[in-house]
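A.B. asks: Those protein sequence lines, which keep their order, are chains R and C.
Heads up, the first sequence is in our numbering, so the first residue is 1 and it goes up one at a time.
Heads up, the second sequence is in our numbering, so the first residue is 1 and it goes up one at a time.
Certain hints may be false.
Since the list gives no way to pick one copy over another, a pair counts as held whenever it fits inside one copy or between any two copies.
What the hints assert, rightly or not - With a cut-off of at most 27 Å between alpha-carbon atoms, the simulated DSS-like pairs for lysine-lysine come out as follows: (1) K286 - K260; (2) K88 - K101; (3) K2 - K101; (4) K308 - K101; (5) K260 - K101.
I should point out that these hints are in silico values taken from the structure, not numbers from a laboratory.
Now for the letters of each chain:
Protein chains: 2
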Amino acid sequence: MKFLINRDLLYLNLNNISRALSNKPPMPILTGIKIEAKNNKLFLTASNNEISIKADISDKRRLQIEEEGVVVVPGKYFIEIVKKIEAKEIDFSIFEDNIVKIIADRSLFSLNAFEKDNYPQVSFNDSNTKINMDVLNLKQLIRKTTFAASLSESRVILTGISFITEGRKMEIVATDSYRLAKKFMVFENEYPDIKAIIPSRSLEELSRIIDEGDSNIEIHFSPVKVMFKYKNLWFQSRLIDGNYPNTSNLIPTDFLISVKFNKTEIISAIERASLFTSFDSSNIVKLKINSDKTIEIASTNNEIGAVKEEIVPLECSNLLNFEIAFSSKYFLEALRSFDSTEISVHFTGEIKPFIITGQYDVNLTQLILPVRIS
Amino acid sequence: MKFLINRDLLYLNLNNISRALSNKPPMPILTGIKIEAKNNKLFLTASNNEISIKADISDKRRLQIEEEGVVVVPGKYFIEIVKKIEAKEIDFSIFEDNIVKIIADRSLFSLNAFEKDNYPQVSFNDSNTKINMDVLNLKQLIRKTTFAASLSESRVILTGISFITEGRKMEIVATDSYRLAKKFMVFENEYPDIKAIIPSRSLEELSRIIDEGDSNIEIHFSPVKVMFKYKNLWFQSRLIDGNYPNTSNLIPTDFLISVKFNKTEIISAIERASLFTSFDSSNIVKLKINSDKTIEIASTNNEIGAVKEEIVPLECSNLLNFEIAFSSKYFLEALRSFDSTEISVHFTGEIKPFIITGQYDVNLTQLILPVRIS
Numbered sequence: 001m002k003f004l005i006n007r008d009l010l011y012l013n014l015n016n017i018s019r020a021l022s023n024k025p026p027m028p029i030l031t032g033i034k035i036e037a038k039n040n041k042l043f044l045t046a047s048n049n050e051i052s053i054k055a056d057i058s059d060k061r062r063l064q065i066e067e068e069g070v071v072v073v074p075g076k077y078f079i080e081i082v083k084k085i086e087a088k089e090i091d092f093s094i095f096e097d098n099i100v101k102i103i104a105d106r107s108l109f110s111l112n113a114f115e116k117d118n119y120p121q122v123s124f125n126d127s128n129t130k131i132n133m134d135v136l137n138l139k140q141l142i143r144k145t146t147f148a149a150s151l152s153e154s155r156v157i158l159t160g161i162s163f164i165t166e167g168r169k170m171e172i173v174a175t176d177s178y179r180l181a182k183k184f185m186v187f188e189n190e191y192p193d194i195k196a197i198i199p200s201r202s203l204e205e206l207s208r209i210i211d212e213g214d215s216n217i218e219i220h221f222s223p224v225k226v227m228f229k230y231k232n233l234w235f236q237s238r239l240i241d242g243n244y245p246n247t248s249n250l251i252p253t254d255f256l257i258s259v260k261f262n263k264t265e266i267i268s269a270i271e272r273a274s275l276f277t278s279f280d281s282s283n284i285v286k287l288k289i290n291s292d293k294t295i296e297i298a299s300t301n302n303e304i305g306a307v308k309e310e311i312v313p314l315e316c317s318n319l320l321n322f323e324i325a326f327s328s329k330y331f332l333e334a335l336r337s338f339d340s341t342e343i344s345v346h347f348t349g350e351i352k353p354f355i356i357t358g359q360y361d362v363n364l365t366q367l368i369l370p371v372r373i374s
Numbered sequence: 001m002k003f004l005i006n007r008d009l010l011y012l013n014l015n016n017i018s019r020a021l022s023n024k025p026p027m028p029i030l031t032g033i034k035i036e037a038k039n040n041k042l043f044l045t046a047s048n049n050e051i052s053i054k055a056d057i058s059d060k061r062r063l064q065i066e067e068e069g070v071v072v073v074p075g076k077y078f079i080e081i082v083k084k085i086e087a088k089e090i091d092f093s094i095f096e097d098n099i100v101k102i103i104a105d106r107s108l109f110s111l112n113a114f115e116k117d118n119y120p121q122v123s124f125n126d127s128n129t130k131i132n133m134d135v136l137n138l139k140q141l142i143r144k145t146t147f148a149a150s151l152s153e154s155r156v157i158l159t160g161i162s163f164i165t166e167g168r169k170m171e172i173v174a175t176d177s178y179r180l181a182k183k184f185m186v187f188e189n190e191y192p193d194i195k196a197i198i199p200s201r202s203l204e205e206l207s208r209i210i211d212e213g214d215s216n217i218e219i220h221f222s223p224v225k226v227m228f229k230y231k232n233l234w235f236q237s238r239l240i241d242g243n244y245p246n247t248s249n250l251i252p253t254d255f256l257i258s259v260k261f262n263k264t265e266i267i268s269a270i271e272r273a274s275l276f277t278s279f280d281s282s283n284i285v286k287l288k289i290n291s292d293k294t295i296e297i298a299s300t301n302n303e304i305g306a307v308k309e310e311i312v313p314l315e316c317s318n319l320l321n322f323e324i325a326f327s328s329k330y331f332l333e334a335l336r337s338f339d340s341t342e343i344s345v346h347f348t349g350e351i352k353p354f355i356i357t358g359q360y361d362v363n364l365t366q367l368i369l370p371v372r373i374s
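Extracted from the complex, chain R is given alone in its bound form (with noise of 0.2 Å):
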């Protein structure tokens, strides 16, 4: 096996790999990135069993293979191998049999292989249930919903996001059963009826690694597992197996209350107003509606101190005697989930759920469960 690469396209490549890669991984040899020459490709492969990446590089200008073969190489000193390489070419080969050369100007590395056989056999297949998505879009949909899941293994089926397409439509939920965010989407092609439950973790990873170009991700599911194909990179999560609790009837449509504020000056204001007692996690804060239909928002921490803010609203529906608790980490995450510049919370009772929704995130909706208040 021998081959001469350029250092930034091997770099590239095994950053976006490396997302795979884990320090405590179930089998040793996956702390390895398997990495195979032929048909004058190179295939780079690694998999911590959740998710599996694929590079496949195929630049002649870049990229020569002189003999066809597999390795599974150390995958933490590799890639520091070659982020600390200056030159501008890298030969790789093998001698007696597992041991890796890497020359590189006038430096000489040589790394213990694996034993490539115990690599365990990570196929990734397309499949007839796919959808395309832009990849700005993807991004945009795990930004807003993936926070919501729980990071929790008592209930592992709520730390993954659910994944319905019927039709045209397709639906997004994520929720840890104290919040729960949903985002609806219409595609333009119908495609075929897709349920799944992809773990979060596995999406957050995807999104480090997709950029935000205008370029499309064909998505494969299969039903252990869903495949995004996006430029030379094939990504492979496995899918949560199991029914993911029905939550489309959790959703309030009646309100009390409506109020709309500037997004910038109510995530400030509960910023300050959760100052004391995001030390001590507890995190909740009481809003009230004043007779003048300014809000207030207060918490209170015996030992260190109290916090009252006052916020003009953009708009108050009606005037009522109302107030309500709930935890500020997650009422700021959900105001963060939304582009728009204006947001709304509408309040259906002190102790029942309140949706947030925004004038330009059209279906989108976060939703939070209050906590009761002595």
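With chain R's structure known, arrange chain C on it following the hints.
C.D. replies: Same frame as chain R, now just chain C:
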């Protein structure tokens, strides 16, 4: 106690004195900041027993003292509040003797104060034993020496740097007994003789506060402490008690062989050569002079692999069968302390200390002890 102050002015000064706040202070009250309004001035003090910093604010356009007084506020929370305030002006007052009220636009914070009488007396006194230095010179001095001081408390004296003036000469030494950094300076004026050991951590904190502007800094020495007067700040550190080891005979003057390198090139080569050893903290690399006057730098890690770097030096004084091993970490830190583009390494023997000098860094010497290799 009551005053109005410009938010940015207060925040800047809080940031500066916060360098003396520690998370684990010797007494709980030292998590607090002492605020004193007196004679149309505001004084902010923070201390952690090792370092104390006082800021003196007296800007008539941006500070209005309406009632004098003293209070000790929880440092972390007070800084967070001021950081998050977007209003231009902050209204600060006390009610019920120990509750601080902070008003800024439509925000109202109340903050429980500490019992002010528990705050230790911190005095910042001028001394006749003082010197004047250019801020840029002092910052460089700190950067070029403190890294070589010890981090271990087992020999406390080596956690400090030795600061000696005699007539117009000043000598700064830092050593952890495996390496040594030494810098000379010559003043324009003659100063009183000084012999002090300043904690290197204190100097590093000081360095973060002082800008690279062309201002001056006054350094006042007393038997147990040193005070730096800079702009509106007093920065005070305790001194380390004891006799600093005599290092004047340690630096060799007769050399077996001297090699001159391009600094960037040798740094890159060492970084690559130590890639496999920096993970296991041994950090040992071998340097060898080849018969063609090229220099080989190599390291081996049985588990991972080996690296061999070849570098063509700018000059090599003579040809000799020579091989030496040392910590790449120490060597890199020493190299990075130079501003010169060309640095010279002077060897005296395979198991004897070697020194590094730089063409433009007059009066700076870095010394490193090699390690024995089998």
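A.B. asks: Work down the list of hints and note, for each, if the structure agrees.
C.D. replies: Going through the hints against the structure:
no.	hint	in the structure
1	K286 - K260	within (17 Å within a copy, 68 Å between copies)
2	K88 - K101	within (17 Å within a copy, 62 Å between copies)
3	K2 - K101	within (9 Å within a copy, 72 Å between copies)
4	K308 - K101	between (65 Å within a copy, 11 Å between copies)
5	K260 - K101	neither (63 Å within a copy, 30 Å between copies)
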